[in-house]
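Q: Spelled out, the chains give:
Number of protein chains: 2
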Amino acid sequence: MAGNANTSRHEKAEAWEKVKGMPKAMMEKVMNICVMTKEIAQDDPRKVIHSLKVGLSISLVSLFYFYQPLYENFGLSAMWAVMTVVVVFEFTVGATLGKGLNRTLATLTAGALGVGAHYLASLAGETAEPILIGFFVFLQAAIVSFIRFFPKMKARYDYGLLIFILTFSLISVSGFRDDEVLEMAHKRLSTIVIGGTACVMISIFVCPVWAGEELHYSIALNLDNLAHSLQEFINKHLKASEEGDSNKDNKSFMEGYKSVLNSKSSEDSLANFARWEPGHGKFKFRHPWDQYLKIGALSRQCAYRIEALINGHLNSPHIQGSSEIVGTIEEACIEMSVESSKALKELGLSIKNMMRLPSSNNHISESKAASKRLKALLQSSLKEQDTDLLSLIPAGTAASLLIDIVDCIQEIADSVNNLAALADFEDGDKSPKPPSSQSQALHCECAEPVPKIDSIV
Amino acid sequence: MAGNANTSRHEKAEAWEKVKGMPKAMMEKVMNICVMTKEIAQDDPRKVIHSLKVGLSISLVSLFYFYQPLYENFGLSAMWAVMTVVVVFEFTVGATLGKGLNRTLATLTAGALGVGAHYLASLAGETAEPILIGFFVFLQAAIVSFIRFFPKMKARYDYGLLIFILTFSLISVSGFRDDEVLEMAHKRLSTIVIGGTACVMISIFVCPVWAGEELHYSIALNLDNLAHSLQEFINKHLKASEEGDSNKDNKSFMEGYKSVLNSKSSEDSLANFARWEPGHGKFKFRHPWDQYLKIGALSRQCAYRIEALINGHLNSPHIQGSSEIVGTIEEACIEMSVESSKALKELGLSIKNMMRLPSSNNHISESKAASKRLKALLQSSLKEQDTDLLSLIPAGTAASLLIDIVDCIQEIADSVNNLAALADFEDGDKSPKPPSSQSQALHCECAEPVPKIDSIV
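Chains as they are written, first to last, in UniProt numbering: chain G, 1 to 457; chain Y, 1 to 457.
Be a bit skeptical, because a hint or two may be false.
If we take Cβ atoms under 8 Å as the criterion, some of the chain G residues that face chain Y in the derived model are [said to hold, decoys possible]: (1) K29; (2) V30; (3) M31; (4) N32; (5) H50; (6) L56; (7) S59; (8) Y65; (9) F66; (10) Q68; (11) M79; (12) F150; (13) L162; (14) R177; (15) E307; (16) P394.
Heads up, simulated DSSO-like pairs for lysine-lysine below, C-alpha to C-alpha not over 27 Å straight-line [stated by the list, open to error]: (17) K47/Y to K24/Y; (18) K258/Y to K152/G; (19) K29/Y to K12/Y; (20) K294/G to K368/G; (21) K258/G to K258/Y; (22) K12/Y to K154/G; (23) K38/G to K258/G; (24) K258/G to K264/Y; (25) K236/G to K294/G; (26) K154/Y to K152/G; (27) K294/Y to K154/Y; (28) K47/G to K152/Y; (29) K368/G to K47/G; (30) K258/Y to K154/G; (31) K282/Y to K264/G; (32) K47/Y to K154/G; (33) K154/Y to K29/G; (34) K294/G to K152/Y; (35) K152/G to K12/Y.
Keep in mind the hints are simulated off the structure, nothing from the lab. Keep in mind that this is a model prediction, so the values were computed, not measured. Think of the CB as a built atom: it goes at the ideal place given N, C-alpha and C, for glycine as much as any other residue.
Can you make the complete structure from the sequences, with help from the hints?
A: Next comes the structure, spelled out in structure tokens:
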């Protein structure tokens, strides 16, 4: 009994603790939300502006209800204008325009066909009418739903096809009860046009966010991220072997290339939105957006190799290769990655500023020269050296991955040149710097004793 | 003059050719569409069934209009049921359920708040009412639009938040003109519930497509694809060196691992949908879907390395390494990849059949043993060999990438074991085969003269 009483007292005390703790837990949650809100707002203030724009345009369209003369014209159909604004307003201009146009065109064609179906069915007599309408609705819904699976249609017209099914069904079915089907279709179309126009106007003229610009800068940023990862790889790598301590904060510099690995879907959708956008700023109407996707795909190829390079070096136990030949291979590797990283940075800058920068070619040819030297070095005989193979493999692997990366960067450079030709980049007026001055400095740093490497095997 | 006449005749002839060609071009386009339709339908007949299901449920909901007693209850509000079906019906049960629940709950809460806002505003007097309503609408639209940027909310509740803005705006604004705002909210809610229920029922009971099942099989398929790529890499590789002809149809076997590279976004969305689904078949309600995402991420890691392995070997000029040591390294590589490929295949099969297969562990330990042998081999001195380093690097690179791949597969196996524990996989009753019998056969095959390798450098 005493035990029972004890446990029940204990339970009560626990429950009381929980109740006392609840406001604290709540407060913590609220604080977390506040912190997150602040972070998102600071990270990209355009998101706050977008939210205000949405509020503004819905309030604006609500005027249809509040202002008597407007209300007399449209009546309850004004609802469609509010709905259109809520559904169509997206973060970027391209997405808003695409959805608005899809919605308007789909409503137009489906409305016309719906009215047609209604008349056709009404000719068939009272009994057959609902059956015929039901059949039409079934048929179009099934066919259009299937068309939504076509990859090309899905990418650009998915929303339009959805609205097509919606409008056709609504118009032809409501027509059965409401004989003013033509007027209904007309009202639906005009309110949708008004709502869509309001969205598009506000989205274009109040602090616009262009999908094309987003794509442009994200591709440039990706190249910069890759450059940064390569640079950091070398930095940490040298530091690690100097300080004898390697695995501590190696993880932090991975983020750069990691964001590139999974960039495909967001790039694809941005390119799709960008195609709807009119010319803006430095971008013409038919800006070569496809070329950006090609550069994006090549960047991912490069990121896969950097992944193999970095993860291979970080995840494996250490075997210090310390023979002279390993040192020499590594020296060449470091030069290759420094030059590659610079080339990537320049290519990113070239896209960002829409300017041809001949210096990137210099860096690429420097890194190619380094890779040639490396090959020559490797061809020299090994016989006179006292080398065990195991210490050689990591350096060799890094070398061949870097050679792949250099090839990849050459392809990226070709694509960027293509883009420069297609989009008329300006000529960069910077005189090309003497390419090897900086790399020379780093070169000297590394030519000292022997930079040790964390090994793969 | 004669020249002019000639060119104009020529132009006419060209134009005529074009006109004559038009039906042909049209026919070709139509044929293309037919072929594509057939391909999509054959590739996944569930897509055809889905289209028919959509048609069926819209026709079913249209009965509200056609059947007098039903129409008397709801009147024109029946429109919302049709709309709900069109908008909510998705390919998988999870997506349909998620959208349906989102739409219903959002309509419920936003409807209640909208009615509240309407009454609050109507208390303020006639002049202040539209201003107050406008302010409320602006405020909620801006706040909820911002909440849509929160990553977690975006992933699961994006559609609900959109419908929240929509319903709140519609109810509170229409309330200004239509005093039966409570009835309106009630009708909207009940028609949406009816439409949503119809969708969910048809989606669950007529040939259901479960997002969870899709995720389950796609993860298993990905592992199988990786296994296939590794296997093909070895096959083509040996064949190529035997037939002396390598670059011809190397591209075909790449597709396997390539589909894994960009699988993240589809896996993420499938997992999000799967969380909405009730228990079905072998999957309980709280099946550990997150664990699948972990396995998916590790598969991509593995795919990145296979990419580096395959592309490095295919894209570079040939330097045949023909010394004995290269041959021995390659032999170990081949054994490692054969065993790795088998392990991946078994892991895929284990997930597919929800069964623990101990044989995969055998294959992993075999491949680990091979990698140990390789390391020992490499540690033996090189001095007595006549090797030039350049011919050694490609084999070495492949070796170290394969060692990485083996590590990666070990991690995948751990994750699969975790999944097996969490989801109560059955014990596979197959007695584990003697693990080295098959690999021995392949072993002997390759221990012959020297399997040559297309090199990286």
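Q: Each hint should be assessed against the structure and marked as holding or not.
A: Results for each hint:
1. K29: Status violated, d = 13 Å.
2. V30: This interface hint is violated because 14 Å lies over the 8 Å limit.
3. M31: The hint is violated - M31/G has no Cβ within 8 Å of chain Y, the shortest such distance being about 15 Å.
4. N32: Since chain Y brings no Cβ nearer than about 11 Å to N32/G, farther than 8 Å, the hint is violated.
5. H50: holds (7 Å)
6. L56: Where the cut-off is 8 Å and the nearest Cβ of chain Y is about 7 Å from L56/G, the hint holds.
7. S59: Hint holds; S59/G Cβ to chain Y Cβ min 4 Å, cut 8 Å.
8. Y65: For Y65/G, the interface hint holds, since the closest Cβ of chain Y sits about 5 Å away, which is under 8 Å.
9. F66: This hint holds: F66/G lies near chain Y, its Cβ roughly 4 Å from the closest one there, short of 8 Å.
10. Q68: Violated - the Cβ of Q68/G stays beyond 8 Å from chain Y, reaching only about 10 Å at its closest.
11. M79: holds (6 Å)
12. F150: holds (7 Å)
13. L162: holds (7 Å)
14. R177: holds (6 Å)
15. E307: holds (5 Å)
16. P394: holds (7 Å)
17. K47/Y to K24/Y: With a Cα-Cα distance of about 30 Å, the restraint between K47/Y and K24/Y is violated, given a limit of 27 Å.
18. K258/Y to K152/G: holds (20 Å)
19. K29/Y to K12/Y: The given pair, whose Cα atoms are some 25 Å apart, holds under the 27 Å limit.
20. K294/G to K368/G: Holds - the C-alpha atoms of K368/G and K294/G are around 23 Å apart, at most 27 Å.
21. K258/G to K258/Y: Judged against 27 Å, a Cα distance of about 18 Å means the pair holds.
22. K12/Y to K154/G: Since the Cα atoms of K12/Y and K154/G sit roughly 40 Å apart, the hinted pair is violated (cutoff 27 Å).
23. K38/G to K258/G: holds (25 Å)
24. K258/G to K264/Y: holds (13 Å)
25. K236/G to K294/G: violated (31 Å)
26. K154/Y to K152/G: holds (25 Å)
27. K294/Y to K154/Y: holds (21 Å)
28. K47/G to K152/Y: Distance of about 16 Å is within 27 Å: holds.
29. K368/G to K47/G: Distance ~44 Å between K368/G and K47/G Cα, so the pair is violated.
30. K258/Y to K154/G: holds (22 Å)
31. K282/Y to K264/G: Judged against 27 Å, a Cα distance of about 33 Å means the pair is violated.
32. K47/Y to K154/G: holds (14 Å)
33. K154/Y to K29/G: Answer holds: K154/Y to K29/G is near 18 Å, not above 27 Å.
34. K294/G to K152/Y: Distance of about 31 Å is beyond 27 Å: violated.
35. K152/G to K12/Y: violated (36 Å)
When held up to the earlier numbered hints, the structure conflicts with 1, 2, 3, 4, 10, 17, 22, 25, 29, 31, 34 and 35 and fits the remainder.
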